[in-house]
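So the sequence lines, in the order shown, correspond to chains A and Z.
Throughout the first sequence, residue numbering follows the numbering used here, covering 1 to 308 in sequence.
Throughout the second sequence, residue numbering follows the numbering used here, covering 1 to 66 in sequence.
None of these hints come from the bench; they were simulated from the model.
None of these values were measured; they are calculated from a predicted model.
Even glycine gets a Cβ: it sits at the ideal position worked out from N, Cα and C.
One or more of the hints may lead you astray.
Stated by the list, open to error - Capping the alpha-carbon separation at 30 Å, the derived lysine-lysine pairs in BS3-like fashion look like this:
| hint | chain 1 | residue 1 | chain 2 | residue 2 |
| --- | --- | --- | --- | --- |
| 1 | Z | K7 | A | K216 |
| 2 | A | K287 | Z | K57 |
| 3 | A | K24 | Z | K7 |
| 4 | Z | K57 | A | K241 |
| 5 | A | K215 | A | K241 |
| 6 | A | K215 | Z | K57 |
To be verified - Here are the simulated distance ranges between beta carbons:
| hint | chain 1 | residue 1 | chain 2 | residue 2 | range |
| --- | --- | --- | --- | --- | --- |
| 7 | Z | G16 | A | K215 | 39 to 49 Å |
| 8 | Z | E2 | A | V248 | 31 to 41 Å |
| 9 | A | R219 | Z | G16 | 34 to 44 Å |
| 10 | Z | T12 | A | P249 | 27 to 37 Å |
Claimed, not checked - Listed next, the stretches of chain A that the computed footprint assigns to chain Z, with coverage defined by at least 3 CB atoms under 8 Å from CB atoms of chain Z:
| hint | stretch |
| --- | --- |
| 11 | 148 to 156 |
| 12 | 269 to 276 |
| 13 | 290 to 296 |
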Amino acid sequence: MVHAFRKGIMSGPFSESLIRSRPKTFSEIRRRAVAYIVAEGELTEKRGGVVPTRPRGPSRPQSMRVDEATTEKKASTKQQPYEPMKPHTKGRVREDVPLRHNFLVELKELIVVPNIAERLKMSAKIDKRLGPKKDAWCEFHHAYDHPICNCLALGHHLDELVKNDFLKDYLLESQGAQTLVAPGGDQGHEMPVHGEIHTISGGFSGGACTASQRKKYARRVMTVEAQEAEQVLDVNLVFTKADLRDVVPHDNDPVVISVVTVGRKVHRVLMDQGSSADVMFWSTFNKLQLSPDQLRPYIGYLYGFVGD
Amino acid sequence: MEVRRHKELRTTFTDGVASRTENIRYLVVNAPSAYKILLGRPALNRLRAVASTRHMKMKLSDLGEQ
Chain A
1 MVHAFRKGIM
11 SGPFSESLIR
21 SRPKTFSEIR
31 RRAVAYIVAE
41 GELTEKRGGV
51 VPTRPRGPSR
61 PQSMRVDEAT
71 TEKKASTKQQ
81 PYEPMKPHTK
91 GRVREDVPLR
101 HNFLVELKEL
111 IVVPNIAERL
121 KMSAKIDKRL
131 GPKKDAWCEF
141 HHAYDHPICN
151 CLALGHHLDE
161 LVKNDFLKDY
171 LLESQGAQTL
181 VAPGGDQGHE
191 MPVHGEIHTI
201 SGGFSGGACT
211 ASQRKKYARR
221 VMTVEAQEAE
231 QVLDVNLVFT
241 KADLRDVVPH
251 DNDPVVISVV
261 TVGRKVHRVL
271 MDQGSSADVM
281 FWSTFNKLQL
291 SPDQLRPYIG
301 YLYGFVGD
Chain Z
1 MEVRRHKELR
11 TTFTDGVASR
21 TENIRYLVVN
31 APSAYKILLG
41 RPALNRLRAV
51 ASTRHMKMKL
61 SDLGEQ
């Protein structure tokens, strides 16, 4: 086990010393680790009192290795002096920093408003007045460690309440609008569309099937010409409530109409507004009792028709 | 789908108020379908009609033609 511990820790002065003189028992390791921790603390103070943000060398990797190495008890005794920040972030896996909202009242007043206080799941009171910073009192945690405006847990709670519109009376208006807009980032149609299925393309639109016809069509579209005044009446095509009267509410029904052609009424005519061709099926053509001789040739293809 | 033939037919549409008869060029297709005729954009343009899916209706602009 001692060997495993020596292998597991990160290289640094402590691990070097462990390699130079091998410890016999775990209690010896513990004793030496504490000595190193004290020494390192003094060293950093001497260097200018800047406490590194990351817990230092030998102790940190150990905490990761501990679980495998079945030395939990020993590790935890060593970890403690290094992890004063841990209790208030425990259980929060979310990495996103909560949005900062501007409230009309101060945070410490806000959280004691009875209505809000019962919604905020007050953190289980921590017995220890944790943290070395005696000047930063968090009203939410009832503990010394960080000022309330930096409290992550409270930030997350308030975030949720703001999202649920619960705090709108307390929000500063402009800020409220921003935060409402920000999360609504609609990423709806980011995916590129490679083509369309189920609309029929081809047919006579865009000219026809031969190149010369298509060119002719394109030229006609691109030119400006004085058209003889067509008989166009200014009509409003409006669908009103009255038009909805005998319509069964639906989500996805197509518009199907009936038309009269060649003296016969044809039901089940689909208005397919996506298709570039008017299509009649061969069976219908037969039922209309038309002669196939009347058909004129068409050289071309319909794309997207019945799945091909 | 390869199309070999087409045919122009005079087709009458009515929306209860207005009624129009137009020449519609149908491509004749030999395929199974639940529908008899599919009307696409060319017909809609020719008819100057508006179809509303919500209302399940088509409206024709009444030009006074019969």
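Results for each hint:
no.	hint	in the structure
1	Z/K7 x A/K216	holds (22 Å)
2	A/K287 x Z/K57	holds (26 Å)
3	A/K24 x Z/K7	violated (100 Å)
4	Z/K57 x A/K241	holds (12 Å)
5	A/K215 x A/K241	violated (45 Å)
6	A/K215 x Z/K57	violated (36 Å)
7	Z/G16 x A/K215: 39 to 49 Å	holds (42 Å)
8	Z/E2 x A/V248: 31 to 41 Å	holds (38 Å)
9	A/R219 x Z/G16: 34 to 44 Å	holds (40 Å)
10	Z/T12 x A/P249: 27 to 37 Å	holds (30 Å)
11	148 to 156	violated (count 0)
12	269 to 276	holds (count 8)
13	290 to 296	holds (count 5)
When each numbered hint is compared with the structure, violations occur for hints 3, 5, 6 and 11.
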